[in-house]
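Q: Protein chains in written order, with this note's numbering: chain D, 6 to 231; chain A, 6 to 255.
Don't read these hints as lab results, they were simulated from the structure.
The beta carbon of each residue, even a glycine, is placed where N, CA and C say it ideally should be.
Keep in mind that the hints are not guaranteed to be accurate.
What follows is a list of derived Cβ distance ranges for each label pair [stated by the list, open to error]:
no.: 1; chain 1: A; residue 1: D94; chain 2: D; residue 2: R150; range: 40 to 46 Å
no.: 2; chain 1: D; residue 1: A39; chain 2: A; residue 2: G95; range: 26 to 32 Å
no.: 3; chain 1: D; residue 1: A227; chain 2: A; residue 2: S244; range: 30 to 36 Å
no.: 4; chain 1: A; residue 1: T127; chain 2: D; residue 2: A227; range: 36 to 42 Å
no.: 5; chain 1: D; residue 1: P64; chain 2: A; residue 2: N208; range: 28 to 34 Å
no.: 6; chain 1: A; residue 1: N208; chain 2: D; residue 2: V229; range: 18 to 24 Å
no.: 7; chain 1: D; residue 1: G35; chain 2: A; residue 2: C211; range: 23 to 29 Å
no.: 8; chain 1: A; residue 1: A124; chain 2: D; residue 2: G59; range: 46 to 52 Å
no.: 9; chain 1: A; residue 1: D251; chain 2: D; residue 2: G163; range: 46 to 52 Å
no.: 10; chain 1: D; residue 1: A133; chain 2: A; residue 2: S244; range: 52 to 58 Å
According to the in silico footprint, chain A covers these stretches of chain D (three or more CB under 8 Å from chain A) [to be verified]:
no.: 11; stretch: 35-47
no.: 12; stretch: 52-59
no.: 13; stretch: 78-86
no.: 14; stretch: 114-124
no.: 15; stretch: 149-162
no.: 16; stretch: 165-177
Here are the chains, one letter per residue:
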Amino acid sequence: MSRLRLFAALFLVLFGVVGLARTGSAQQAGPTPASVARMTFHHGIPYALGHGLGPQAVPELLAMLERTEERPYWANVIRILGMIGDARAVPGLIAFVETRLTGEVDAETFQALIQVNQSLGLLANDPASVAFDYLSRAASLSAWRSKQLRWTFPSLRGEEREILMLKLTINGLGNAGNARSAARLTELQRDLSADTALFPYVRGNLSDALLLNERIQRDGYARVFQ
Amino acid sequence: MWSRPTQRAVFGSIATVLFGVPLVLAQTTAETSFRVRDDQSDSLIDCAFVVRDGLSSDESSMQLLARPPRRPMTVSRLSTITYTNAQADGIFNAASSLIEASQSNADASCCYELRRSGAVGTFTAPSGMVGGVITNSSESSAVFAVNAAVKIVSGISFCGQSGSYVGCADGSTLIFTASTGGATLAHEVGHLQGLCHTSTSCNPTCGQCGTCTCSDASAFDVMFCAICNGASQGIISSSECSSYRDGATP
Numbered sequence: 006m007s008r009l010r011l012f013a014a015l016f017l018v019l020f021g022v023v024g025l026a027r028t029g030s031a032q033q034a035g036p037t038p039a040s041v042a043r044m045t046f047h048h049g050i051p052y053a054l055g056h057g058l059g060p061q062a063v064p065e066l067l068a069m070l071e072r073t074e075e076r077p078y079w080a081n082v083i084r085i086l087g088m089i090g091d092a093r094a095v096p097g098l099i100a101f102v103e104t105r106l107t108g109e110v111d112a113e114t115f116q117a118l119i120q121v122n123q124s125l126g127l128l129a130n131d132p133a134s135v136a137f138d139y140l141s142r143a144a145s146l147s148a149w150r151s152k153q154l155r156w157t158f159p160s161l162r163g164e165e166r167e168i169l170m171l172k173l174t175i176n177g178l179g180n181a182g183n184a185r186s187a188a189r190l191t192e193l194q195r196d197l198s199a200d201t202a203l204f205p206y207v208r209g210n211l212s213d214a215l216l217l218n219e220r221i222q223r224d225g226y227a228r229v230f231q
Numbered sequence: 006m007w008s009r010p011t012q013r014a015v016f017g018s019i020a021t022v023l024f025g026v027p028l029v030l031a032q033t034t035a036e037t038s039f040r041v042r043d044d045q046s047d048s049l050i051d052c053a054f055v056v057r058d059g060l061s062s063d064e065s066s067m068q069l070l071a072r073p074p075r076r077p078m079t080v081s082r083l084s085t086i087t088y089t090n091a092q093a094d095g096i097f098n099a100a101s102s103l104i105e106a107s108q109s110n111a112d113a114s115c116c117y118e119l120r121r122s123g124a125v126g127t128f129t130a131p132s133g134m135v136g137g138v139i140t141n142s143s144e145s146s147a148v149f150a151v152n153a154a155v156k157i158v159s160g161i162s163f164c165g166q167s168g169s170y171v172g173c174a175d176g177s178t179l180i181f182t183a184s185t186g187g188a189t190l191a192h193e194v195g196h197l198q199g200l201c202h203t204s205t206s207c208n209p210t211c212g213q214c215g216t217c218t219c220s221d222a223s224a225f226d227v228m229f230c231a232i233c234n235g236a237s238q239g240i241i242s243s244s245e246c247s248s249y250r251d252g253a254t255p
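Produce the complete structure using the sequences and hints provided.
A: Put into structure tokens, the structure is as follows:
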């Protein structure tokens, strides 16, 4: 009888410990959106980490994008918003490029600006999305000319800003990773090849974007952006 | 921890070497260990120096030019951007400080320096590249082909695939932006010397980082996947120090 009691006590203790451990792990807080955005990743932000923050991180990240003191982390914020894939981020990202900034921007802001179109691509996986429609319409030099951007950066000469944004729009369509963006890229490759002045600038982006698009369709974001 | 001017005072000029071993060993040409004293902080740094023949056997101290093992690296910038010798020296000094300083018992005081070799050169943007930003594989390959250990561009939106990057490496040379910091330089040179990522919780590989966050116990290591501690992120092990020094010029 006493041996039975001993086993019973051991059983209770064992399950009690397991139960406590489970409770403890459930209560462990994951990384906050700000703590991830403020890291400097030597090799880029791992997709699993950014995506894993989830839609609940979007309001905090959008608030960081509004605060000037968070400028060193804006590029990360923008990349993570794309990885999360929540459509609430789209208006803020478009405004960041088109209307938010004026005059000569610093290097940190420039790093953020050149990230927007590629992040919009991650938000454009659904061909019915606002982000996909935006990138599809923005995939021409005339579209970027008509936006009349008000920011500039010292390394940009003449119309290089518009050409750069077009190249990054093409990269964004690659990131969209769906059949319609692949079709749009193929269409651009055919149409722009006749433009001997512009095509040398975008040829590499188009071929890379088509390859990436195909990989994403085949393997998914998590495997492609490990 | 040393400041950079203090290190220059020790290594860039005639320094006093305190013998930590019997003097007779110092009269050989074999490499042996000495302790170099920083005159300003009176701290001791373990370094290995080659001492030549010809020393007087009754001397208890001597004057010699002491220089730690170093890795000279050439630097070249895109012709359309500004990047000065002083800016390059700033990142090399910052990286060297992280490697050399000992922040804790687990942090080796690694006698090793990264240094600029020659003046910062220039290169022209490859065909199709605009604004000094790398956006695709052909631009990336063309910049990697520039004959310099470190290439400086305005932005990196492509490194193997599109994304947001502070630097890019091809296994032998590096592409940085003008704002890339010393911690990234120290980290990338570690990769060039064959070091892999460190972690205690998230199992990164040499080339991937998984879900490592700053709560990891290794988050202040040079070879951690990200910078969590700004300019103070400099913990390296003794074996990692050996790997750095394998690539050094004595």
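Q: Now tell me, hint by hint, if it's right for this structure.
A: The hints, checked one at a time:
1. Checked against the given bound of 40 to 46 Å, the beta carbons of D94 (chain A) and R150 (chain D), roughly 41 Å apart, stay inside it.
2. Roughly 28 Å separates the CB atoms of A39 (chain D) and G95 (chain A), a value that falls within the hinted 26 to 32 Å.
3. For the pair A227 (chain D) and S244 (chain A), the beta carbons lie near 33 Å from each other, so the given range of 30 to 36 Å is met.
4. The beta-carbon spacing between T127 (chain A) and A227 (chain D), approximately 41 Å, falls within the hinted interval of 36 to 42 Å.
5. Under the hint 28 to 34 Å, the C-beta atoms of P64 (chain D) and N208 (chain A), about 31 Å apart, fit the expected range.
6. Restraint check, N208 (chain A) to V229 (chain D): a C-beta distance of roughly 20 Å satisfies the suggested window 18 to 24 Å.
7. Separated by about 26 Å at the C-beta atoms, G35 (chain D) and C211 (chain A) satisfy the suggested range of 23 to 29 Å.
8. As the Cβ distance of A124 (chain A) to G59 (chain D) is approximately 49 Å, the hint placing it in 46 to 52 Å holds.
9. Our hint of 46 to 52 Å for D251 (chain A) and G163 (chain D) holds, since their Cβ atoms are close to 47 Å apart.
10. For the hinted restraint 52 to 58 Å between A133 (chain D) and S244 (chain A), the CB-CB distance of approximately 54 Å keeps it satisfied.
11. For the stretch 35-47 of chain D, the stated coverage by chain A holds: 7 residues have a C-beta nearer than 8 Å to a C-beta of that chain, and at least 3 were required.
12. With 3 residues having a Cβ less than 8 Å from any Cβ of chain A, the stretch 52-59 of chain D passes the three-residue criterion, so the hint holds.
13. With 4 residues carrying a beta carbon less than 8 Å from a beta carbon of chain A, the stretch 78-86 of chain D meets the three-residue requirement, and the given coverage holds.
14. Evaluation of the coverage hint for the stretch 114-124 of chain D: fulfilled, as 5 residues show C-beta separations to chain A shorter than 8 Å, against a requirement of three.
15. With 5 residues bearing a CB less than 8 Å from a CB of chain A, the stretch 149-162 of chain D meets the requirement of three and the coverage assertion stands.
16. Taking a C-beta to C-beta cut-off of 8 Å, the stretch 165-177 of chain D contributes 7 residues in contact with chain A, enough for the three needed, and the coverage statement holds.
In the structure shown, no violation is registered for any of the earlier numbered hints.
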